[in-house]
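One line per chain: the protein sequences are A, B, C and D, in this order.
The letter at position 94 of the first sequence is residue 94 when you use full-length UniProt numbering, and the numbering goes up by one with no holes.
The letter at position 43 of the second sequence is residue 43 when you use full-length UniProt numbering, and the numbering goes up by one with no holes.
The letter at position 172 of the third sequence is residue 172 when you use full-length UniProt numbering, and the numbering goes up by one with no holes.
The letter at position 201 of the fourth sequence is residue 201 when you use full-length UniProt numbering, and the numbering goes up by one with no holes.
Please note that the accuracy of each hint is not assured.
[Unchecked claim] Here are the computed lysine-lysine pairs in the DSBU-like style, where the Cα-Cα straight-line distance is at most 35 Å:
{"id": "1", "chain 1": "C", "residue 1": "Lys58", "chain 2": "A", "residue 2": "Lys216"}
{"id": "2", "chain 1": "C", "residue 1": "Lys216", "chain 2": "D", "residue 2": "Lys93"}
{"id": "3", "chain 1": "D", "residue 1": "Lys216", "chain 2": "C", "residue 2": "Lys5"}
{"id": "4", "chain 1": "B", "residue 1": "Lys58", "chain 2": "D", "residue 2": "Lys318"}
{"id": "5", "chain 1": "C", "residue 1": "Lys216", "chain 2": "D", "residue 2": "Lys5"}
{"id": "6", "chain 1": "B", "residue 1": "Lys93", "chain 2": "D", "residue 2": "Lys318"}
{"id": "7", "chain 1": "C", "residue 1": "Lys93", "chain 2": "A", "residue 2": "Lys318"}
{"id": "8", "chain 1": "A", "residue 1": "Lys216", "chain 2": "B", "residue 2": "Lys58"}
{"id": "9", "chain 1": "B", "residue 1": "Lys216", "chain 2": "D", "residue 2": "Lys94"}
{"id": "10", "chain 1": "A", "residue 1": "Lys199", "chain 2": "A", "residue 2": "Lys93"}
{"id": "11", "chain 1": "D", "residue 1": "Lys94", "chain 2": "A", "residue 2": "Lys58"}
{"id": "12", "chain 1": "B", "residue 1": "Lys216", "chain 2": "A", "residue 2": "Lys5"}
{"id": "13", "chain 1": "D", "residue 1": "Lys58", "chain 2": "B", "residue 2": "Lys240"}
{"id": "14", "chain 1": "B", "residue 1": "Lys216", "chain 2": "D", "residue 2": "Lys5"}
{"id": "15", "chain 1": "B", "residue 1": "Lys216", "chain 2": "A", "residue 2": "Lys93"}
{"id": "16", "chain 1": "A", "residue 1": "Lys216", "chain 2": "C", "residue 2": "Lys94"}
{"id": "17", "chain 1": "B", "residue 1": "Lys318", "chain 2": "D", "residue 2": "Lys93"}
{"id": "18", "chain 1": "A", "residue 1": "Lys58", "chain 2": "D", "residue 2": "Lys5"}
{"id": "19", "chain 1": "D", "residue 1": "Lys93", "chain 2": "A", "residue 2": "Lys58"}
{"id": "20", "chain 1": "C", "residue 1": "Lys282", "chain 2": "A", "residue 2": "Lys199"}
{"id": "21", "chain 1": "A", "residue 1": "Lys216", "chain 2": "C", "residue 2": "Lys5"}
{"id": "22", "chain 1": "C", "residue 1": "Lys216", "chain 2": "D", "residue 2": "Lys86"}
{"id": "23", "chain 1": "A", "residue 1": "Lys282", "chain 2": "C", "residue 2": "Lys318"}
{"id": "24", "chain 1": "C", "residue 1": "Lys216", "chain 2": "D", "residue 2": "Lys94"}
{"id": "25", "chain 1": "C", "residue 1": "Lys240", "chain 2": "A", "residue 2": "Lys58"}
{"id": "26", "chain 1": "A", "residue 1": "Lys240", "chain 2": "B", "residue 2": "Lys240"}
{"id": "27", "chain 1": "B", "residue 1": "Lys94", "chain 2": "C", "residue 2": "Lys58"}
{"id": "28", "chain 1": "B", "residue 1": "Lys5", "chain 2": "D", "residue 2": "Lys216"}
{"id": "29", "chain 1": "D", "residue 1": "Lys93", "chain 2": "B", "residue 2": "Lys216"}
{"id": "30", "chain 1": "A", "residue 1": "Lys216", "chain 2": "A", "residue 2": "Lys94"}
{"id": "31", "chain 1": "C", "residue 1": "Lys58", "chain 2": "A", "residue 2": "Lys199"}
{"id": "32", "chain 1": "B", "residue 1": "Lys93", "chain 2": "A", "residue 2": "Lys216"}
{"id": "33", "chain 1": "B", "residue 1": "Lys318", "chain 2": "D", "residue 2": "Lys282"}
{"id": "34", "chain 1": "A", "residue 1": "Lys216", "chain 2": "D", "residue 2": "Lys216"}
{"id": "35", "chain 1": "A", "residue 1": "Lys216", "chain 2": "B", "residue 2": "Lys5"}
{"id": "36", "chain 1": "C", "residue 1": "Lys216", "chain 2": "D", "residue 2": "Lys58"}
{"id": "37", "chain 1": "C", "residue 1": "Lys216", "chain 2": "A", "residue 2": "Lys282"}
{"id": "38", "chain 1": "C", "residue 1": "Lys94", "chain 2": "D", "residue 2": "Lys282"}
{"id": "39", "chain 1": "C", "residue 1": "Lys58", "chain 2": "B", "residue 2": "Lys58"}
{"id": "40", "chain 1": "A", "residue 1": "Lys216", "chain 2": "C", "residue 2": "Lys282"}
Calculated from the structure, these hints are not laboratory results.
Protein chains: 4
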Amino acid sequence: MTQIKNIGVFTSGGDAPGMNAAIRAVVRSAIYYGINVTGIRRGYEGMINGEFFAMDRKSVSNIIQRGGTILKTARSEQFRTPEGRKLAYDQLKKHGVDALVAIGGDGTFTGAHIFGEEFDIPVVGLPGTIDNDLLGTDFTIGYDTAINTVIDAVDKIRDTAESHDRVFIVEVMGRDSGLIALRTGIASGAEAIVIPESKTNIDALCERLEHGRKDKLSKIVIVAEGDDVGGAFEIGRHVKERFPHYDTRVSILGHIQRGGRPSCMDRVLASRVGVAAVEALKDGHRNEMIGVIHNEISYTPFEHACKHNVEINPNFLKLVEILAI
Amino acid sequence: MTQIKNIGVFTSGGDAPGMNAAIRAVVRSAIYYGINVTGIRRGYEGMINGEFFAMDRKSVSNIIQRGGTILKTARSEQFRTPEGRKLAYDQLKKHGVDALVAIGGDGTFTGAHIFGEEFDIPVVGLPGTIDNDLLGTDFTIGYDTAINTVIDAVDKIRDTAESHDRVFIVEVMGRDSGLIALRTGIASGAEAIVIPESKTNIDALCERLEHGRKDKLSKIVIVAEGDDVGGAFEIGRHVKERFPHYDTRVSILGHIQRGGRPSCMDRVLASRVGVAAVEALKDGHRNEMIGVIHNEISYTPFEHACKHNVEINPNFLKLVEILAI
Amino acid sequence: MTQIKNIGVFTSGGDAPGMNAAIRAVVRSAIYYGINVTGIRRGYEGMINGEFFAMDRKSVSNIIQRGGTILKTARSEQFRTPEGRKLAYDQLKKHGVDALVAIGGDGTFTGAHIFGEEFDIPVVGLPGTIDNDLLGTDFTIGYDTAINTVIDAVDKIRDTAESHDRVFIVEVMGRDSGLIALRTGIASGAEAIVIPESKTNIDALCERLEHGRKDKLSKIVIVAEGDDVGGAFEIGRHVKERFPHYDTRVSILGHIQRGGRPSCMDRVLASRVGVAAVEALKDGHRNEMIGVIHNEISYTPFEHACKHNVEINPNFLKLVEILAI
Amino acid sequence: MTQIKNIGVFTSGGDAPGMNAAIRAVVRSAIYYGINVTGIRRGYEGMINGEFFAMDRKSVSNIIQRGGTILKTARSEQFRTPEGRKLAYDQLKKHGVDALVAIGGDGTFTGAHIFGEEFDIPVVGLPGTIDNDLLGTDFTIGYDTAINTVIDAVDKIRDTAESHDRVFIVEVMGRDSGLIALRTGIASGAEAIVIPESKTNIDALCERLEHGRKDKLSKIVIVAEGDDVGGAFEIGRHVKERFPHYDTRVSILGHIQRGGRPSCMDRVLASRVGVAAVEALKDGHRNEMIGVIHNEISYTPFEHACKHNVEINPNFLKLVEILAI
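Required output: the full structure, derived from the provided sequences and hints.
Structure below.
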């Protein structure tokens, strides 16, 4: 095992709050251990294009509290090809980068996995995505902030729902995962939650809306965007058709869910795994995602840290039913 | 002038943050002046249906900080007819209500104006709408909170815009008025603002996006929903067509803009005009909206307090151009 | 095991955000399982004084998002005496309450433990305290909200610290525990953390402030109120004495840390353990605190759920040192 | 009138949210009008020490939403002496700065006034202080954000006050002015407000606490730090002495009031006066503060823009009495 002298760090895929805290932790801990750090802008695309710059402790001053990513992020078609990856590797060699920390989600790790097998460069990953849909960590960086942003928004919407006795169908992020919908549905006191992990029964949903509390006319349904019925507008259409006398509205929360100052837990998680990533590289780890499971640092091979596999706790769905009584 | 013994208070039209603070001020000041207060639920509709209840100081405890309206609000088709208004008047007589405070916007005052002319009952109004589109007051109750909610959301969106170098077309409320778009556009550092008060020149807009700062790829355009081009999606379509290489996204902020804890200024405004409304009724005022102009209480006949008339300060549009340089 | 017919629920000790969400979950799930619920106001004191009232689903409408506790809380000297506890038991019998859910912290459970042993009434507890200092649960209800409130405040203070190149000594809650200080110190990017769990070396602290980054003059120290040196003012005095040329300020965050809308995670935790408490009573559990460990419901005898025992993860202290480089 | 080629901009005195938005507006509008901009760090102290740097449009990117001041601020003893001011003037000449925009409060303008009279350099000022205690503008930059921060904090404190039936004495900023206390007192629903502008009658205060609503035990008193009784602790001492049976607590909000993301109104105000300052210098204005009165840009000679003169609207004090009924 040769000693690592220069760690490259980059963010890739959708941005998530806490990515900056993770970058800061990687940079500061590398310096702490006497290793240089090279920032790579715009993910794999920037790696191919040579968007490299040296980072010092000051490069990451005053960013722990900021949303987004100072390293910017992008999707890269080129990196999907062997030629693109060869170009990326050449750039890393040219700039003396001999190890990588990739911050992102499923797509990021798929790329990192292939790259780490094709070329002799150790790569570790940090789970940075609001979707919380990765195996190998209890929570991903950004999830806690995103669910707080959602309940903040739904609390506001409920003010209007109650004032007007309205039904609101609120769509939250989650193309393949209902994890955002699940916790925010419980926390916002929703009457029902619609998620991609379970087949949606529109009749049962309408049943629940109708036979719920008679004394309460305002109701909230939280829908994950990836739901099989086709999102909040489609569900809203069904509800309006079935209950023309309800004042039913649809709200798509959209991009606000990605931004904002990271929550305390997201900053702590990002700081922990950021430092652990540098220590892991030092200790010879490679091709692994660094997460936190049961409050301990955990190491998961990239091929297992992919999404789609996260199971929904059935007790959570039961909770919603009980609490909406 | 007979002495007023029982003031009825209600909210009508779209809910706005600060309506509860206004209700509280009406109730507390009426009690202070030895007048009874009757709460009327669901606006004119509830008035017709007899949804009346006596309010005391405790009825409005711990509501100053809450969004929405504890009196609920609704639209009433029936009140648009002479028969409906007669029913409403009969209910007021039956419950001994001899004066009214109506909290709402343009539609509310139109109704109040007709009602106040048809029947012998003094009515005053409080400007409660997030749109700020009423003559007779510098600001309406709810506007300040709404624009803070918008910049909160756009600050979050900008995190993503900057991370991905994206163009975001963000639609804010304002069916007939660009006042929300105008101030939030300036405050969020938008590259351009599109409002219903001025004809939108898509070519000029694209020009500005293109010939703005070359070193900055992320851009924000704030669009009022009532814009003549047809809202954010339509503008987004134009921008995408013209600049296929841009990563252009559309975000409709929607209903979150109505809710939430009212800002300090909205609570102060609501408290001032709420007390002034009761004092105005005591002093014989009727058919007037109570507002604040230049930090002084002002009284505007309902027929002048309608919307559409608020002019856009051209200096504000100039500001956006200068600051987006 | 006799079937439970009427569960009494109360909050005791310091209030914590999420207590209302827990009350709501207890009430709704009891109703779901066909059990009556009696609310008891002002903790043990109210139990002795007979402050009982029947609760239905509507009693807990629209409270999931509110800080504080609708059941109010109080300390009770009387309940520390056998006579006081006898009075409490008599009141429970009189009102037909045959099981209890106690929401609070260490003191609450100590009382519940004695009471549950003296009298034949099943009692279970929910961990409601911002301090997170209870064994038997990964997190207590209120902790997540409190640490977010703290970083919100410290983010604001850092704006001033950086603008003026100041040193700020910020005191956070934690009379016996440094858990709030620990996570908020990491998340706010503090230069140092001072906690009761480890002996404070003022010289080492000053050393770190002095020999830290020369290019950065603003520094933040997070101090738990229970620290052995004597709180933030005392530490501030030392720092001022040692570095008279620094512009050193002290800020005591104080009571804002207890209030506010609960975070998403606190609402989810409160909802889960609230439902689990009712199910536990149904299943014959007694004298146990219901928590969540490793994302599973856990049951801990009251005598083990006391505080002081929570150990500080040494890796966290190391983190602060690394990240403040 | 010679044409201005290079405007120097600096912040001085206590930092205030919105200062960055003002700096941005000065820089962008100067560039818009073809004028160079020089940033001066650390106020007058930095001017004397030659802390100058050229600013372009990018220097002020992504700062409109940030608290504090990127130009930093400091107090300068040296600038109070003629020698210090001569050094400052020499530095300005040396760096080719031929006009100044000073952002700050009373002390800043006092310095600017003397400097502008001693040397031939046009200086205009922008009102940047959370205290709102300047003549010549309806509001100062930072005030609106600060009062929102205060009500945010007091809303949290009220959660605890109501849960425990406590009296809270809350101290807010305002050494010479009760303007923060006044509006936040109204907006937080305080039972009483104590301000430096009016002699405090402790007996009358206690009277009001005692004879207020009997059914409400939790009470909030908002105290401006400059009050003649001696701040919140002293008032708390009196209240505890008089009402030993009350559970009375004191909370000093402190430095959190200065920081944080500026509100929408503060950003709009800062943007307007920032642009107007550059235009004023272009038009030959000097020795004036640029404010907004009745929604129009206003120009006030420095000697009149000092503090202590702002009068308290007696209607506001009356409001508190009425609403606390």
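Quiz item: Checking against the hints above, which ones are violated?
Solution: 10, 30 and 38
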